[in-house]
Amino acid sequence: MPVPSSIDRRVLRTYLADHLTGATAGRARAQKMKQWYGDTEIGPELAVVADEIDEEHRHLEGVIDRLGLRQPVVLRAVARAGEAAGRLKTNGRGLMRSPMTPLLEIELLRGAVNAKQGLWQTLADCGEALRPGDGIHEG
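If you count by our numbering, then the sequence shown holds residues 1 to 139, one letter each, in order.
Please note that a few of the clues may not be correct.
Label-pair ranges, simulated between beta-carbon atoms [stated by the list, open to error]:
| no. | residue 1 | residue 2 | range |
| --- | --- | --- | --- |
| 1 | E107 | G62 | 20 to 30 Å |
| 2 | S6 | D51 | 29 to 39 Å |
| 3 | L104 | S5 | 38 to 48 Å |
| 4 | P99 | D125 | 38 to 48 Å |
| 5 | W120 | P99 | 29 to 39 Å |
With a straight-line Cα cutoff of 20 Å, these simulated SDA-like cross-link-like pairs (lysine to any residue) come out [said to hold, decoys possible]:
| no. | residue 1 | residue 2 |
| --- | --- | --- |
| 6 | K32 | L12 |
| 7 | K32 | V113 |
| 8 | K32 | D54 |
| 9 | K116 | H59 |
| 10 | K116 | E56 |
| 11 | K32 | L109 |
| 12 | K34 | I106 |
| 13 | K116 | L104 |
| 14 | K32 | E107 |
Everything labelled a hint here was simulated from the structure, so no lab data went into it. Small disclaimer: the values here were computed from a predicted structure and weren't measured. We put the beta carbon where it would ideally sit given N, CA and C, even for glycine.
Input sequences plus hints: build the corresponding full structure.
And the structure:
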């Protein structure tokens, strides 16, 4: 489905690309956390959240595709690199993880989920141009 002429295609593409970049980094972090904490008390719930984040990421890619907008490969690579760099932090413990790491990572995921809620609300508020029948609100 093409982007309606009432919506600036470049602005929408940039907006969705920025969210996709964040979603790519968030998905990578969630999957790593699922691995790292799988055998801990938070493991089962974290696995559910990581899988939901992965599903939402695929849905966002589908929305971008259905709108006929190109997905910026460079930004996605930057997101992956940024997520990896985010794991290289000085916590005064050398190569060991800080006991605060799980809490901080969960807070990062919560922030990412809140941002994504804003994306979906903004798209829903865009008007009739992106409402039912467009495939955005499906699956």
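Each hint, compared with the structure:
Taking the beta carbon of each, E107 and G62 are about 28 Å apart, inside 20 to 30 Å as hinted. Between S6 and D51 the CB atoms are about 36 Å apart, so this pair conforms to the stated range of 29 to 39 Å. Distance hint check for L104 and S5: the Cβ-Cβ separation is about 44 Å, which falls inside the suggested range of 38 to 48 Å. As the Cβ distance of P99 to D125 is approximately 41 Å, the hint placing it in 38 to 48 Å holds.
For the hinted restraint 29 to 39 Å between W120 and P99, the CB-CB distance of approximately 34 Å keeps it satisfied. Between K32 and L12, the direct Cα distance comes to roughly 30 Å. Violation of the 20 Å bound is thereby established for this hinted pair. Note on K32 and V113: the hinted pairing holds, with a Cα-Cα distance of about 16 Å set against a maximum of 20 Å. Distance check on the hinted pair: K32 and D54 sit about 12 Å apart at the alpha-carbon level, within 20 Å; holds.
Between the alpha carbons of K116 and H59 the distance comes to roughly 12 Å, so the proposed pair stays at or under 20 Å and holds. At most 20 Å may separate the alpha-carbon atoms for a hinted pair to count; K116 and E56 meet this at roughly 9 Å. The hinted pair formed by K32 and L109 meets the criterion: a straight-line CA distance of about 12 Å does not exceed 20 Å. Simply put, K34 and I106 have alpha-carbon atoms about 11 Å apart, close enough for the 20 Å limit, and the pair holds.
Among the hinted pairs, K116 with L104 is consistent with the structure: their alpha-carbon atoms are about 19 Å apart, no more than 20 Å. A threshold of 20 Å between alpha carbons decides the hint, and for K32 with E107 the separation of about 15 Å falls inside it, so the pair holds.
Checked against the numbered hints given earlier, this structure breaks only hint 6.
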